[in-house]
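Participant: Here is what each chain is made of, one letter per residue.
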Amino acid sequence: MRVPSVFVTRQRNENAYRLVGFSEYATALNMFTKLVSISNDQELQEMDEMIKDHPSLTVFTNLSRGITPPTSTIAETALNQEERYAKHGLAWMMALARVEYGAMVAGFTDIENHYHLETLGNDEKEAFKELLLDGVRMHYFSMVNEPLGRLVLKGNAGFSEAFGFGRRAIMVRSMINALAEFARDEFNQAQQQELANINREIGKYADGSIASVSVYLLTNGVSNTSFDFDSLDLRGCGAMVRGIRGDLAAGRARISRK
Amino acid sequence: MNLGRKILALLLIHIMAASASVSHAAEVSQETLTTLGRFIVPSYRTNNAHTLVTVGSPLLKKLNDEQIKAVNERLEQEQLPSLAYMIGEARLELAIQGVTTGVPAANSGEIKLLLPVWAEELKDVIDPNNVPENLRREAELPIEISELEKVLWDLHVYSNRLIGMQNAADYAHKMFNKSRSPNQENPFEPIVDGLLTQFHELQQRNYDIRSRRVVTAVEVLSDEQAKFPQRLEAANAIKEDSTVLNKVFEAVDTKELDNPVLVLESREELSELMEKSLAMHTHVIEKGQLLFGGIHWWTRGRYGMGTSFNGMIKNFAASKNPAARFPLYMPHTTPIASDPFLQLEGKYQTPYVQRRHAVVWAWENETQLADNRVPIIVKSDYFY
Numbered sequence: 414m415r416v417p418s419v420f421v422t423r424q425r426n427e428n429a430y431r432l433v434g435f436s437e438y439a440t441a442l443n444m445f446t447k448l449v450s451i452s453n454d455q456e457l458q459e460m461d462e463m464i465k466d467h468p469s470l471t472v473f474t475n476l477s478r479g480i481t482p483p484t485s486t487i488a489e490t491a492l493n494q495e496e497r498y499a500k501h502g503l504a505w506m507m508a509l510a511r512v513e514y515g516a517m518v519a520g521f522t523d524i525e526n527h528y529h530l531e532t533l534g535n536d537e538k539e540a541f542k543e544l545l546l547d548g549v550r551m552h553y554f555s556m557v558n559e560p561l562g563r564l565v566l567k568g569n570a571g572f573s574e575a576f577g578f579g580r581r582a583i584m585v586r587s588m589i590n591a592l593a594e595f596a597r598d599e600f601n602q603a604q605q606q607e608l609a610n611i612n613r614e615i616g617k618y619a620d621g622s623i624a625s626v627s628v629y630l631l632t633n634g635v636s637n638t639s640f641d642f643d644s645l646d647l648r649g650c651g652a653m654v655r656g657i658r659g660d661l662a663a664g665r666a667r668i669s670r671k
Numbered sequence: 067m068n069l070g071r072k073i074l075a076l077l078l079i080h081i082m083a084a085s086a087s088v089s090h091a092a093e094v095s096q097e098t099l100t101t102l103g104r105f106i107v108p109s110y111r112t113n114n115a116h117t118l119v120t121v122g123s124p125l126l127k128k129l130n131d132e133q134i135k136a137v138n139e140r141l142e143q144e145q146l147p148s149l150a151y152m153i154g155e156a157r158l159e160l161a162i163q164g165v166t167t168g169v170p171a172a173n174s175g176e177i178k179l180l181l182p183v184w185a186e187e188l189k190d191v192i193d194p195n196n197v198p199e200n201l202r203r204e205a206e207l208p209i210e211i212s213e214l215e216k217v218l219w220d221l222h223v224y225s226n227r228l229i230g231m232q233n234a235a236d237y238a239h240k241m242f243n244k245s246r247s248p249n250q251e252n253p254f255e256p257i258v259d260g261l262l263t264q265f266h267e268l269q270q271r272n273y274d275i276r277s278r279r280v281v282t283a284v285e286v287l288s289d290e291q292a293k294f295p296q297r298l299e300a301a302n303a304i305k306e307d308s309t310v311l312n313k314v315f316e317a318v319d320t321k322e323l324d325n326p327v328l329v330l331e332s333r334e335e336l337s338e339l340m341e342k343s344l345a346m347h348t349h350v351i352e353k354g355q356l357l358f359g360g361i362h363w364w365t366r367g368r369y370g371m372g373t374s375f376n377g378m379i380k381n382f383a384a385s386k387n388p389a390a391r392f393p394l395y396m397p398h399t400t401p402i403a404s405d406p407f408l409q410l411e412g413k414y415q416t417p418y419v420q421r422r423h424a425v426v427w428a429w430e431n432e433t434q435l436a437d438n439r440v441p442i443i444v445k446s447d448y449f450y
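These protein sequences, in sequence, are chains A and B.
Following my numbering, the numbering of the first sequence begins with 414 at its first residue and continues without gaps.
Following my numbering, the numbering of the second sequence begins with 67 at its first residue and continues without gaps.
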């Protein structure tokens with residue numbers, strides 16, 4: 414038997430393959446990780462020199478400096494006024510690949526291991542930490558300043574917007590969780606507090622996204638437990654049909670999705 | 067009323083009716099305007115070929131000549147090309163991407179309107195002057211491995227462009243055959259043939275370059291004074307080129323290709339050298355492959371563009387088919403990453419997005435509301 418229903422389709426993990434960068438950064442990270450494991454320090458240093466000669470491999474960082482409040486304890490401080498935040502080298506390339514790939518895994522799949530921290534080497538840790546923090550600042554300080562964010566917090570966002578914001582909240586939380594896992598001790602008390610606050614605030618956006626979608630479903634959709642039994646098109650022996658309708662009306666029948 | 071006046075009155079009524087029908091047919095209906103404003107024009111402006119064809123093709127089929135003219139006049143006011151041009155260009159773009167299903171088929175009426183667009187778009191693709199100078203067979207080959215690498219990159223970029231053009235030309239050729247009158251020559255035939263010839267020439271050039279490169283690479287690997295970065299470059303080249311060249315030799319045997327420009331006496335000598343190098347320098351070859359392979363994939367992730375959502379997303383087929391995950395639009399020249407906080411005059415930022423995670427969260431993929439009939443099971447004791 415089939416009945417009309419409005420529901421949210423399940424996200425399929427394979428959709429992540431449509432994201433440009435998903436397969437590419439994963440492959441690059443695998444290759445670089447293997448390379449680092451079979452090379453000595455001298456060789457790695459010489460490879461870094463090769464990479465620095467290629468401007469296409471430069472990674473610009475601290476992209477959130479335009480929107481991070483100066484009072485934030487997790488803001489990045491420039492060493493000098495000429496600092497352009499242009500980074501070079503294998504560690505930075507690996508860190509960027511890891512952040513991008515991991516954020517996509519977090520936002521678009523139900524896979525739990527987002528950033529593969531078990532393969533994070535010592536040389537890469539500092540770069541990875543910096544890019545994750547930059548990601549947290551970039552998203553969070555945008556979200557709090559966006560008008561759409563306020564609608565999401567109230568549970569009043571549209572369906573698509575709510576999903577997008579919900580995904581964004583998941584991505585940011587995954588970045589904060591990763592930082593907590595491998596770099597908690599490197600943050601001072603104030604920084605840890607700010608990250609915890611951000612994590613809590615992000616949770617409100619996630620809750621608001623869910624609330625927005627729920628409101629939409631209740632207003633426009635049909636829940637599995639509340640549809641018009643009389644509209645069911647039952648065919649068969651008349652007595653049987655009457656009996657089944659009677660059971661449905663009396664609540665003696667159980668209905669579940671096939 | 068006498069007969070003459072009756073005839074005159076009827077004639078006047080007919081003229082007025084005809085004028086009315088012409089002006090009625092030439093008006094752009096509100097529905098058409100809405101379709102143009104909500105779907106056609108935004109899709110054109112955002113290079114969304116799929117939506118343009120899906121919505122535009124049925125619209126084009128529905129309109130008569132006068133209505134099409136009126137639509138085009140409206141578009142011209144917005145400094146936009148004609149409807150046929152937009153749809154023709156979009157269909158070619160889908161052909162270039164290899165998208166053959168999931169869009170409305172073109173009927174003969176539509177094809178006739180689109181043929182001039184395709185002819186214009188494809189007319190210069192086989193011009194030999196388009197082939198970069200360093201890819202022409204007669205051009206001298208550099209000697210250094212890094213210089214040969216640059217030529218190979220140019221060849222790779224140009225080959226990809228040709229593949230797209232070939233898809234487009236094949237499509238136009240097929241569409242012409244679908245709509246043509248008997249004995250009519252297909253104007254896209256010379257383009258299809260010309261592209262095949264260009265491919266063949268490029269293949270030949272590819273093999274010339276690689277045979278030169280592998281010889282240089284063997285010399286570098288054998289030189290104990292050579293620095294580690296040079297040895298890495300050479301190692302990667304040998305591995306890559308030996309795979310390609312072994313296939314070349316098969317093609318030479320079957321006369322599909324000429325002998326590559328060989329520096330050594332014979333290809334047997336070349337084969338022997340390649341095998342010996344591969345055996346002696348396994349470790350540096352592995353590192354070279356991992357480094358340059360990793361850089362290759364990283365660069366694709368950094369600078370590659372897909373077919374929708376402003377280049378952030380690949381074709382739908384990528385979710386199911388591993389082969390469909392590979393195609394990406396890449397910069398023609400090796401990009402230089404630009405500082406996103408510096409104003410660039412007359413240039414675009416490179417890469418076009420500094421962090422993909424900052425943007426892709428907004429892509430609404432398939433999590434959606436489905437209004438569908440769903441199967442349920444009803445369990446009741448009444449059955450028993």
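A portion of the hints provided could be inaccurate.
[Unchecked claim] Dumping the calculated EDC-like pairs for lysine to aspartate or glutamate here, alpha-carbon to alpha-carbon at most 16 angstroms: (1) B/386 <-> A/559; (2) B/293 <-> A/461; (3) B/244 <-> B/259; (4) B/293 <-> A/456; (5) A/447 <-> B/144; (6) B/293 <-> A/559; (7) A/617 <-> A/539; (8) B/293 <-> A/459.
No lab work stands behind these hints, which were simulated from the structure alone.
Participant: Find the hints from earlier in the document that the structure breaks and name them by number, from lowest to highest.
Facilitator: Structure breaks hints 1, 3, 5, 6, 7.
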